[in-house]
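A.B. asks: Listed here are the chains, written in short residue letters.
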Amino acid sequence: METIHRPRVDAIRALISEFLQSQLDEKLDELKEGDTKRAKLRLKFEYATWIDDAANRSVQIQAVTHSLKPIHPSAKGTNVYTAPSQLPDHRVVGTHCLCDTFEGDVAGNAAALDVYKFLKLSLDGRSLLDLAVAGDADLAAALTDDAEQARSWLDAFAGVAKQRGRPASHTLAKQFYWLTGEDAHDDTGFHLLAPLYATSLAHRVYQTVQLDRFGDEAKAAWEARKAGRFHPRPVREYGELAVQKLGGTKPLNISQLNSERLGRNYLLASLPPVWKTVAVQPVHGVDSVFQRYGRRREVVRLVRMLRDFLASDPAPNIRTRTRIDTLVADLLDELLHLAAEVRSLAPGWSQDPACRLSAAERLWLDPGAGTEEGAAAVPITDEAAERIAAGFANWLNARLRKPLPMGDPEYQHWRKLALEQIEDDLREAHDE
Amino acid sequence: MSDTDLTRQPEEPSNPAWLVLPRLRVQNANAISSPMTWGFPAITAFLGLMTALERRLGRGAGITLDGVGVVCHGFEPQVSAGGYTRSFALTRNPVGHDGSTSAIVEEGRAHLELTLVFQARVASPLLDAAARSDLVHRVAEQVAGMRVAGGSVLPHLADTPGGPHRRPVPELVLTPADEEEARKAFRRIARRCLPGFALVSRHDLLEARHAELLAATPGASRLDAWLDLSRWNHRAVLHPRPDGAAPPAPEAAQPADWQQDARPGWIVPIPVGFAALAPLHEPGTVAGARDPHVPFRFVESVYSIGQWLSPHRLRAPTELFWFAERPDEQGLYLCTNDYALHLARRSNASPDVQPVSSDQ
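Chains as they are written, first to last, in the UniProt record's numbering: chain A, 1 to 432; chain W, 1 to 360.
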């Protein structure tokens, strides 16, 4: 016989009674004084009656942390309820990161959701559902004095968090193979993986993003930024955030938490950089490719970042140097990209009279020009790479000079960073 | 060298090679890469394609594909423009057999242009250039009829970037045994991928940020670090005083500059595989499984940080490739890439190129 702690039993009873009273009051408010349904309602919300009814209805719902419905609303199969702390602590991000503070979700008949509300009542940080799953003797005693009856109700409630029946997937669910063996031709070397929707995890992400977008503190920080005033909270922006609607007009058909999110789920962007929107044009009408390069949006952005960083007078340490070199490397990436774009044009474009580029730049950007019929191949020289690198260093210094004193040491540094990249690029352009 | 000869004498392919499928144009690929990310398809989709391709070619083809590198040249998401958030075009599924409307399932789509580079091993008959050329033709044919991340492969058009004079031709290149030669051969492939961006793993940044957050807030999780790296953080910085004295304690009303944290390159949150939610079910024990002959497992997506970077930045071929790990004892099914490992080695050799792990 398990020991029963009377004060705890009383506390649970009080919790449940309070819940029933508030549910009843809510329902009564919807009815007129003197309506005959009021008496019926009061009967329904009598302690033992309601619990018996709830225990019966508990089979209609299931507590989940991972659900199938968001994958496809018509899919039927196994859902999973696992406390995040029970999952292995992987080195990547997943539901296990939620630890002890997580919101369980519930799927099933919306008409039985009040049963889940009841099971989420918590005492000392543990929900009635947790207690039911653990077979808590105090909860049993709080439900009824009839031990046998209590046990059967407890089992019914615990069943909400348990997997029911044989595990099942569905044709509308996602299922795919993962090669676990060495040989892709061996049919036995695979596992079939069926991903479920991590609804508790999605809920945490949703709440975080909501707070960062619409929370009072976040709004205050936004306003402070607009006014150029200090605020201790950072402003957080989720670029290219997408909203995925689950369940259409009936988000409750998916799950309780989905309904609380109004069926909206946030998807973070993992977009690749996209560098071109217009067709590539020959570099005509400018004296140097840097005139075109400097107008690229990403280049403008990077130069601004570099200039702001240098203007903030950062401490002269390795961190600062790395930051600067990283930004310059990004600028060089853009330059090599531009070169690759221009090289995709038909060779010989640099021989047009409209092209005013230097010989070194022509050699670099139009390597095929010299191979046209009748023309002699132009030999590449180290000088060409050096000229282009020097051109880059000059251009960058000019761009930064406005607010900052830029001199020879900076020039030499930019030149050094550029030279190796351009030498490689030039050589390989001619290797083809 | 014909295929039948190869089937008659099966041999474990052991000669390292690279298979390059340049400039694939894919229409309507799946742009919802996981329950929490959208944009470029998940790397698992390309590893799946790799396995499917190897199986289609058959054992007799004498080629094994071990890893895949993905370079994106173009990306056109089919989403709403304008406003703060993006939304996807809705699709109405066909009505049910009783005429009732089916549920709406939102699908995100994107048109892609990409180059796939596979780390391969080939059997000795493929040391012959003509045999490789035959195989490459077969590969191109197969891929044209396959789904790539749920999208269909379009034939190459003359007016696509790259131009008619540079028609992209698939290649099967033997990896030179000499290290320097191998490096050169790879650099040539990488340069052919320009302009474009390769996706590599920056799991190291997630770990570093997690450690930083933990130092400031005990109990901070990898999820917190992941979200922190997935957004732009702007912080208020007080104006320095003209006399050079330290600024006073920050107060809400003081004038300040707002600065955006710099990021170490173009980093993005990505799904990197799956974690088991339950033990492995024996073959045939799960109702509704599409294959009763293999073990079955319920899983969830897991996430890390990736970086898009220009392929010419890659110093070694292994920095490009993603591999599918066998499930570990904790039931983790992971896609891995070694770029960060190489980066760390490089920075040990020369502190000048240490990665910037944090801006705080």
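Everything labelled a hint here was simulated from the structure, so no lab data went into it.
From the three backbone atoms N, C-alpha and C, an ideal C-beta is built for every residue, glycine too.
Any given hint could be a false lead.
[Stated by the list, open to error] If the Cβ cut is set under 7 Å, some of the chain W residues that face chain A in the computed set are:
hint: 1; residue: G39
hint: 2; residue: T51
hint: 3; residue: R59
hint: 4; residue: R86
hint: 5; residue: A182
hint: 6; residue: P195
hint: 7; residue: T217
hint: 8; residue: N233
hint: 9; residue: H234
hint: 10; residue: A236
hint: 11; residue: V286
hint: 12; residue: A287
hint: 13; residue: G288
hint: 14; residue: V294
hint: 15; residue: F323
hint: 16; residue: R326
[To be verified] Derived SDA-like pairs (lysine to any residue); straight-line CA-CA distance at most 20 Å:
hint: 17; chain 1: A; residue 1: K245; chain 2: W; residue 2: D257
hint: 18; chain 1: A; residue 1: K174; chain 2: W; residue 2: G284
hint: 19; chain 1: A; residue 1: K76; chain 2: W; residue 2: R290
hint: 20; chain 1: A; residue 1: K76; chain 2: W; residue 2: P292
hint: 21; chain 1: A; residue 1: K226; chain 2: W; residue 2: D257
hint: 22; chain 1: W; residue 1: K184; chain 2: A; residue 2: K174
hint: 23; chain 1: A; residue 1: K174; chain 2: W; residue 2: E106
A.B. asks: Take the hints in turn and mark each one as holding or not.
C.D. replies: Taking the hints in turn, this is what the structure says about them:
Hint status for G39 of chain W: holds, given a least beta-carbon distance of 4 Å to chain A, under 7 Å. A distance limit of 7 Å between C-beta atoms decides the matter here; for T51 of chain W the minimum to chain A is near 5 Å, and the interface restraint holds. Below 7 Å, beta-carbon pairs count as interface contacts, and R59 of chain W has one with chain A at about 5 Å; its hint therefore holds. Here the hint on R86 of chain W is kept, as its CB sits about 4 Å from the closest CB of chain A, short of 7 Å.
For the restraint placing A182 of chain W at the interface with chain A, the shortest Cβ-Cβ distance is roughly 15 Å, beyond the 7 Å limit, so the hint is violated. Because the closest C-beta pair between P195 of chain W and chain A is about 4 Å apart, less than 7 Å, the hint holds. The restraint placing T217 of chain W at the interface with chain A is violated, with a minimum CB-CB distance near 13 Å, outside the 7 Å limit. Hint on N233 of chain W holds. Least Cβ distance to chain A is approximately 5 Å, under the 7 Å limit.
The criterion of a C-beta within 7 Å of any C-beta in chain A is met by H234 of chain W, whose closest approach is roughly 4 Å, and the hint holds. For A236 of chain W, the interface hint holds, the least distance from its beta-carbon to any beta-carbon of chain A being 5 Å, beneath 7 Å. Here the hint on V286 of chain W is kept, as its CB sits about 5 Å from the closest CB of chain A, short of 7 Å. Annotation: interface hint on A287 of chain W holds; nearest CB of chain A at approximately 4 Å, less than 7 Å.
The interface hint given for G288 of chain W holds, since its Cβ lies 4 Å from the closest Cβ of chain A, which is under the 7 Å cut-off. Taking 7 Å as the C-beta contact cut-off toward chain A, the hint placing V294 of chain W at the interface holds, the least distance being around 5 Å. The closest approach between the C-beta of F323 of chain W and any C-beta of chain A is roughly 11 Å, which is over the 7 Å cut-off, so the hint fails. With its C-beta approaching chain A no nearer than about 5 Å, R326 of chain W sits inside the 7 Å limit, and its interface hint holds.
For the hint linking K245 of chain A to D257 of chain W, the alpha-carbon distance of about 37 Å lies beyond 20 Å, and the restraint is violated. Distance check on the hinted pair: K174 of chain A and G284 of chain W sit about 17 Å apart at the alpha-carbon level, within 20 Å; holds. Our distance criterion of 20 Å between C-alpha atoms is met by K76 of chain A and R290 of chain W, whose separation comes to about 14 Å. A hinted pair counts as satisfied when its Cα atoms are at most 20 Å apart, and K76 of chain A with P292 of chain W qualifies at roughly 18 Å.
Using a Cα cut-off of 20 Å, the hinted pair K226 of chain A and D257 of chain W holds, with the two alpha carbons roughly 10 Å apart. Between K184 of chain W and K174 of chain A, the direct Cα distance comes to roughly 42 Å. Violation of the 20 Å bound is thereby established for this hinted pair. Only pairs whose Cα atoms come within 20 Å are accepted, and K174 of chain A paired with E106 of chain W is accepted, the gap being roughly 15 Å.
The structure shown violates the earlier hints numbered 5, 7, 15, 17 and 22.
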